[in-house]
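Enquirer: Chain by chain, the residues:
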Amino acid sequence: MAINKESNGYTFVFATVMVVIVGTILALLASGLKPYRDANGVQKKQLEILSAFLDLDAEKISRKNVKDKFAEFVDLKDAVVLNSNGEVMDGVYDVKGNIVKGSAFDVDIQQEYKDKKRSDSHKNFPLFVATQNGKKLFVIPVIGKGLWGPIWGNICLDEDMSTIKGASFGHKGETPGLGAEISQKFFVDRWIGEKVTDEAGDFAKFEVVKDGSGQSVEKKVDGITGGTITSKGVEEMANRCLAVYAEYFKTLKNAKQ
Amino acid sequence: MSEVEKKSKAPGEPLFSKKNKKLITDPLTDSNPVTIQVLGICSALAITVQVSQGIVMGLSVVFVTIMGNLVISALRNMIPSKIRIIVQLVVVAALVIIVDQVLAAFLPDLSSKLSVFVGLIITNCIIMGRLEAFAMANKPWPSVLDGLGNGLGYAGLLVLVAIFRELFGSGSLMGYPLLGSPIPIDGHPLGTGLYALGYMNNNMFVLPPMALIIVGVIIWVQRSRNKSLQETH
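Residue numbers (the working numbering), protein chains in the order written: chain A, 1 to 257; chain B, 1 to 233.
Mixed in with the good hints there might be a few duds.
[As the list claims (entries may be wrong)] When the alpha-carbon atoms are kept at most 27 angstroms apart in a straight line, the in silico DSSO-like pairs for lysine-lysine are as follows:
1. B:LYS113 to A:LYS69
2. A:LYS34 to B:LYS113
3. B:LYS113 to A:LYS45
4. B:LYS113 to A:LYS172
5. A:LYS185 to A:LYS45
6. B:LYS82 to A:LYS114
7. A:LYS165 to A:LYS195
8. A:LYS5 to B:LYS82
9. B:LYS82 to A:LYS64
[Unchecked claim] One side only, chain A facing chain B, incomplete, derived with CB under 8 angstroms:
10. TYR10
11. MET18
12. ALA30
[As the list claims (entries may be wrong)] FRET-style restraints, in silico, Cβ to Cβ:
13. B:PHE16 to A:PRO176: 40 to 48 angstroms
14. A:PRO35 to B:LEU59: 20 to 28 angstroms
15. B:LYS227 to A:ILE3: 47 to 55 angstroms
If you're looking for bench data, these hints aren't it; they were derived computationally from the structure.
Idealized CB from N, CA, C, for every residue including glycine.
For reference, chain B alone in the conformation it holds in the complex:
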């Protein structure tokens, strides 16, 4: 083991070489786990009603992908191949429980809003996918970067979808009302701000199907801008 660890720390390659940088930037754009690989859709539908939920969920996933990749990559030469999926699952489950407990202790209100979806990070295909495809075959440092990239790719998309849904569905961002208040007050039967002109929140955006439509539109825009991402068949 000591030999392997020494090797991974050997200064053959700068920490942020071109190849390593690509590990972070690729999942943000051309191999985004959500829009290109179409993974992690279920949680993207469920918790993108508010931007703050999207951010906390995104950060939780970033933590789990980074730590999961790190642990599995460090252990990759010790893990018996017969039970490697189970080992990955145990590591991911442990990390998710840690996240869930910490959220419940320090951010109780957000934690109760996210409810089961933090626990369901375990079943997020992005995480197991990265562990099996990358961390099992690469050194810890590139694995950490890969985890960071994929986690951010997921988190970024979550926040993007949440911005649309919260703005059009509730007329606010991060809980701050941007378009005025839809609650009638004296002299303003329709509310204040934009609502006084007859604008109404689109309740469709609050419901999960709209997240699917927004993700679909993002995928469409991305593929029409980058022809190499389009499948030929």
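The shape of chain A in the complex, shown without the other chains:
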């Protein structure tokens, strides 16, 4: 072969051919695997919603059977999207604030929370309605920030639309053994039984406390030792998000009476 390997021409041709080949392989792979990745995202969201009122380990719910289990408990037709005043919307806000078609399940609150282009009044607040043992449960996804990164969760209210029946919290990278403990059962259990609203039906703020008094006092929840900023993050997240839904529940209750 009489090609001069060190010539500029050869170098350019080699680089071009290589980039085209590599690009083609990766593009094909990415589009080939996209259905799997999308399915994983849906499964994860379904698992998170179910984990607000079910013990996933005890019920043996995993990625494999989550689709059927989700359909058993949650009817997405009952799900609504609220605006920041707690009013039901016909669609969802897009990033510019126009109302477009969309469903509660497709709203990505994590993306909306960190999107600086989206103003607070144009955030969507999805609400899922689940049925367990004939009781109506309300699952509220929440999002906030911890010490190192985002934290999120799903809080489940009992059919009185006020008592917290269950919750699950997740985090991206809180300190292991300290802030990361918010996803543990013992921390979640501290929220169960707390009331979101006061006697008048208005939203009343939670407080995460350090002195261990949370167990006996209403509206107070014990924080995690050494995980103060993450605990405070959960407090801020719960207060900011739940306040919107409390408005909705108030109108819902008033309409019933």
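For chain A, the structure is supplied; the task is to place chain B on it using the hints.
Expert: Chain B alone, transformed into the frame defined by chain A:
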């Protein structure tokens, strides 16, 4: 090209000759990429909290070293020397993206735990080091063995460090609790198993600095057993 390929397939040497076997066994012991060459430390610190993470990360690196060495070795007579580092980088990056995509599609939970560290395999010095030092100058088959050896050397150390960290940091191995449960239940205010006797997990092991200390101890043990590895100065 056809001539070169024929040569590499010529049956002059058995596939697992003594020399070829050494290519695999050396990086596992006396020229381990992590403990002797002290490469790839950053990812060893980050993802050795759990054994399962260490195994998946190790296997990913084994795949990338083997395939990277194979591709670069097969192309070594075609690659213009002026852009050879870039070519190596593109090949490694492509392989890493493949690994990342496959993990995200089929092992989504582990993939989200490993997060950026799979992508950071690209910057793992072991891989570029093997490509430049070995694959550019050797035939494909020895290169594959060299990649396998170095990948396993890295993976093995990762798993070793992860065993210590998961056992002492979380009291479990591969997610199975071995020492009982530290969560208080009725009648056992401290938990069950060892924890009932007052044992506590060492949170230090969960934090990255402990990985550095464990790697340091492994290096110390290895060098004190094999005097030829000790530097004189």
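Enquirer: Decide, hint by hint, whether the structure agrees.
Expert: Hints and how they fare:
At most 27 angstroms may separate the alpha-carbon atoms for a hinted pair to count; LYS113 (chain B) and LYS69 (chain A) meet this at roughly 25 angstroms. Using a Cα cut-off of 27 angstroms, the hinted pair LYS34 (chain A) and LYS113 (chain B) holds, with the two alpha carbons roughly 20 angstroms apart. Restraint check for LYS113 (chain B) and LYS45 (chain A): satisfied, since their Cα atoms lie roughly 17 angstroms apart, inside the 27 angstroms limit. Under the criterion of a C-alpha separation no larger than 27 angstroms, the hint pairing LYS113 (chain B) with LYS172 (chain A) is consistent with the structure, at around 9 angstroms.
This hinted pair checks out: LYS185 (chain A) and LYS45 (chain A) have alpha carbons roughly 19 angstroms apart, not beyond 27 angstroms. Of the supplied pair hints, the one linking LYS82 (chain B) and LYS114 (chain A) is violated, its CA atoms being roughly 43 angstroms apart against a limit of 27 angstroms. At roughly 9 angstroms between alpha-carbon atoms, LYS165 (chain A) and LYS195 (chain A) fall within 27 angstroms of each other, so this suggested pair holds. The hinted pair formed by LYS5 (chain A) and LYS82 (chain B) meets the criterion: a straight-line CA distance of about 10 angstroms does not exceed 27 angstroms.
This hinted pair does not check out: LYS82 (chain B) and LYS64 (chain A) have alpha carbons roughly 50 angstroms apart, beyond 27 angstroms. Proximity of TYR10 (chain A) to chain B holds as hinted, the smallest CB-CB distance being about 6 angstroms (cut-off 8 angstroms). The beta carbon of MET18 (chain A) is positioned within 8 angstroms of a beta carbon in chain B (closest approach about 6 angstroms), and the interface hint is therefore held. Proximity of ALA30 (chain A) to chain B holds as hinted, the smallest CB-CB distance being about 6 angstroms (cut-off 8 angstroms).
Checked against the hint of 40 to 48 angstroms, the pair PHE16 (chain B) and PRO176 (chain A) passes, with Cβ atoms roughly 43 angstroms apart. Between PRO35 (chain A) and LEU59 (chain B) the CB atoms are about 24 angstroms apart, so this pair conforms to the stated range of 20 to 28 angstroms. A hinted range of 47 to 55 angstroms for the beta carbons of LYS227 (chain B) and ILE3 (chain A) is consistent with their spacing of about 51 angstroms.
When each numbered hint is compared with the structure, violations occur for hints 6, 9.
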